[in-house]
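Number of protein chains: 2
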Amino acid sequence: MITETILLKQRPIGKPKLSDFEFLKEDTDLAVKNGDILLDTIYISVDPYLRGRMNDAKSYIPPFEVGKPISSGLVAKVMASKNDHFNEGDYVSGMLEWKTKQISTGEGLIKIDKNSAPLSAYLGILGMTGFTAYLGLTEIGKPKAGETLVVSGAAGAVGTVVGQIGKILGLHVVGIAGTDEKTEMLISEFGFDHAINYNTTANMKDAIKKACPNGVDIYFDNVGGPISDAILFNINKFARMIICGAISVYNNTEIPQSMSVQPFLIKNSALMQGFIIFNYADKFPDAIKQLSTWLGEGKLTYKETIVEGFENTPQAFMDLFNGKNKGKMIVKV
Amino acid sequence: MITETILLKQRPIGKPKLSDFEFLKEDTDLAVKNGDILLDTIYISVDPYLRGRMNDAKSYIPPFEVGKPISSGLVAKVMASKNDHFNEGDYVSGMLEWKTKQISTGEGLIKIDKNSAPLSAYLGILGMTGFTAYLGLTEIGKPKAGETLVVSGAAGAVGTVVGQIGKILGLHVVGIAGTDEKTEMLISEFGFDHAINYNTTANMKDAIKKACPNGVDIYFDNVGGPISDAILFNINKFARMIICGAISVYNNTEIPQSMSVQPFLIKNSALMQGFIIFNYADKFPDAIKQLSTWLGEGKLTYKETIVEGFENTPQAFMDLFNGKNKGKMIVKV
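Protein chains in written order, with the working numbering: chain A, 4 to 336; chain B, 4 to 336.
Next up, chain A with everything else stripped away, as it sits in the complex (with noise of 0.2 Å):
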């Protein structure tokens, strides 16, 4: 059987480049074992998450390894099982190699129902993105409506989900993004109260005062550098920061400088707090149940970057960081 994989071939200096990866094409046979079921890939995420582990650095999951295939959330169909609560036809999602075809266990896979969502849903707003949203802004953000919700990387993955959610929970809700485009569809099509573009805004910290009257008093950071130190100068008393991810640094090779935080905190009493999706497991169910309803009764949309073709893959990748996507990206294998 044709099996396409794609590995790490070494570990990138600053921004990811194509020859960091390697492409591999093999004949091989997938056996499928007792306990296990034969895997067809359909889709494929590329999330700004995976430049982390491209490093050897000890984080809160082991780095990949070079001359490995790389792994993230993918949606698969089953194509044989040997496995009793898999059957051949289910559809799936979790954690997975990037292979074409793929042998697994079973083990951290969910089934996914094809009829009540777009099998790609399951890696954006009913999977990880959507989790990531839900529970970083309910469970640090602790949202009161009437207050203010800043979201940087706005118009990307989770962005758009956090601040639907901050307006379904009755905030006043701006984003950060960095193009025209992207900040009149954050209004237009996410319902966002304001959006301003970093790129051809001249004084962050002055637009975020204008646009937050009231202070910030959530900040979903999804960026990192520049942008969240002009907000630290907006935050209000008992602000709360919700750190997903710092784009903007994932690329450096030194270690990136800020302004000191510690200044900020104390003196508005207010937290920040790494929020990593996988912590919070237990509340998936949870989650899953609450995103469905609103997506069913019509308030929550969602956009996506699909790429087609299986060897693009780490292209959709690299484009996650010059901003090419709106909304979660995704490889159509």
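Be a bit skeptical, because a hint or two may be false.
Note that identical chains are pooled: a pair holds if it fits in a single copy or bridges any two copies.
To be verified - Straight line, CA to CA, 27 Å or less: simulated DSSO-like cross-link-like pairs of lysine-lysine: (1) K270 / K20; (2) K240 / K145; (3) K145 / K270; (4) K270 / K240; (5) K270 / K71; (6) K18 / K270; (7) K147 / K85; (8) K147 / K286; (9) K286 / K145.
FYI, nobody ran anything at the bench for these hints, they're computed from the structure.
Knowing the structure of chain A, use the given hints to seat chain B on it.
Chain B alone, transformed into the frame defined by chain A:
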């Protein structure tokens, strides 16, 4: 009646200087009206946070006004009373002005017991200093026996108490201070497990790693700056950082830069929270009860640096930034 007062003459730029303060000596009639008490100052507390109030910046308490008296925690004796809650001869503590004598309505003052502890203790271990150490460590740090606690500014007033409470609660306690005399004192007098002199340690990151073989679970931060940066390399998953002070940057005239904390918070699901003791006023009765018990049981000890003379109050305050104090810095009037 001759009364001396210390005013803020001008807002300090960088490190405070004697010329930023003004002394006033007046012969005034301090009339005790109905509801008022006349106070004679015995002890004045000088604290690093007062530096922040000397700037004209929005913070958790309003800035001092130029040309007006400075205020801080004082212990005073009631010389005359037309207030039902206080009698002549009572001792009180509370936020009062830097004056040798003053009239007060009694609002916010608490009566203190000269017999159960020395009067100066009510500005330290049984006052804001002790409350800050105890409530910061327990409310944000949420310590579990066996965990590792690092305290910066460890030889300061709050730091020595934090470390001792850490030991009472079964933690591995490491202190960071700026002289060998201080680090030796932390171990021999206050029971810290390890202490690091940052002035003689070339690589703080490695020194912390060595002193904390199991990593850092709780960081009680009194200093900010490069020491706090070095901590970030050593934090464990779910670490809690109590941001209580940032003395290393209080005198900066430009916005201080540090390492970007966000990537460290994310990869460790770690928390940083600004701590202001004034937000925890409802817990002061619990705190004083617990601290008095430990003090009575001989489990807590404290150190004071007592400077004699009202006229030396500004110098005592300035000396905080040169690390001249061991434990609580107090002026005896």
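Give the relationship of K286 and K145 under a CA distance limit of 27 Å: within one copy only, between copies only, both, or neither. both (15 Å within a copy, 22 Å between copies)
Copy assignment of K147 with K85, given that the CA separation must stay at most 27 Å: Close neither inside one copy (49 Å) nor across copies (45 Å); limit 27 Å.
Please work out whether the CA atoms of K270 and K240 approach to 27 Å or closer within one copy, between two copies, in both situations, or in neither? both (8 Å within a copy, 26 Å between copies)
Go through the copies and call it for K147 and K286: within, between, both or neither, with a Cα cutoff of 27 Å. both (20 Å within a copy, 24 Å between copies)
At most 27 Å between alpha carbons: which applies to K145 and K270, within, between, both or neither? Both ways: K145 and K270 sit 20 Å apart in one copy and 21 Å across, limit 27 Å.
Treating 27 Å as the Cα threshold, decide for K270 and K71: within, between, both or neither. The answer is between: 22 Å across copies meets 27 Å, while 47 Å in one copy does not.
Within a copy, between copies, both or neither: where do K270 and K20 come within 27 Å Cα-Cα? between (42 Å within a copy, 24 Å between copies)
With identical chains treated as interchangeable, where does the CA-CA distance between K240 and K145 reach 27 Å or less: within a copy, between copies, both, or neither? both (14 Å within a copy, 22 Å between copies)
Can you give me the call for K18 and K270, within, between, both or neither, at a CA distance of at most 27 Å? Between copies only: 19 Å across, 36 Å inside.
Comparing the model with each numbered hint stated earlier shows that hint 7 is the single one that does not hold.
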